[in-house]
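With our numbering applied, the sequence shown corresponds to residues 29 to 139, in that order.
Derived SDA-like pairs: lysine to any residue, alpha-carbon spacing no greater than 20 Å straight-line:
| hint | residue 1 | residue 2 |
| --- | --- | --- |
| 1 | 43 | 90 |
| 2 | 113 | 59 |
| 3 | 43 | 129 |
| 4 | 38 | 66 |
| 5 | 38 | 93 |
| 6 | 89 | 124 |
Derived by calculation from the structure, the hints in this document are not laboratory data.
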Amino acid sequence: MSNVLAPFIKWGDCKSHCKDRVDSLELQVLDPQTFETQYSTNVRVLHKDNGEWIEKILPLKSHESPNSSLLNEWNKYERKDLLHKDKHFKIETCLDVSKNGRPIRRFKMVF
Numbered sequence: 029m030s031n032v033l034a035p036f037i038k039w040g041d042c043k044s045h046c047k048d049r050v051d052s053l054e055l056q057v058l059d060p061q062t063f064e065t066q067y068s069t070n071v072r073v074l075h076k077d078n079g080e081w082i083e084k085i086l087p088l089k090s091h092e093s094p095n096s097s098l099l100n101e102w103n104k105y106e107r108k109d110l111l112h113k114d115k116h117f118k119i120e121t122c123l124d125v126s127k128n129g130r131p132i133r134r135f136k137m138v139f
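Make a model of the complete structure from these sequences and hints.
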C-alpha cells in the first residue's frame, strides 16, 4: 500500500472576503474518521471540482493555527450522525477579521 496522500484542499484558493458571497465547496465524505499529518487534522473527501469528483484531503485544523472552527463543526455533525460515507455536504467559507483585528477564515457546513 502506498503512503502517497491525495491532494489537499487549499484554503488559499478560496478568496472571498464577503459574507454575502462566500466560496462554496461541494464535498462528499469518503471516510468520516479524522487523521493526523505533520501539519494538520484531516479527513478524506471527494471534491466536486469543475464538474468532476476528485479525491482530496480536507484539512480541518492546522496544528499551527488556533482556529479550530471547522474541526469543531465536523465533530458536532459527526456526533449528530450526519457524517457518514457518501454523505454530500457543502462548506461555505470566507476570510473575515477576528475580534483582535487579525484575519481569520470562517467556515459553515451546509447539509
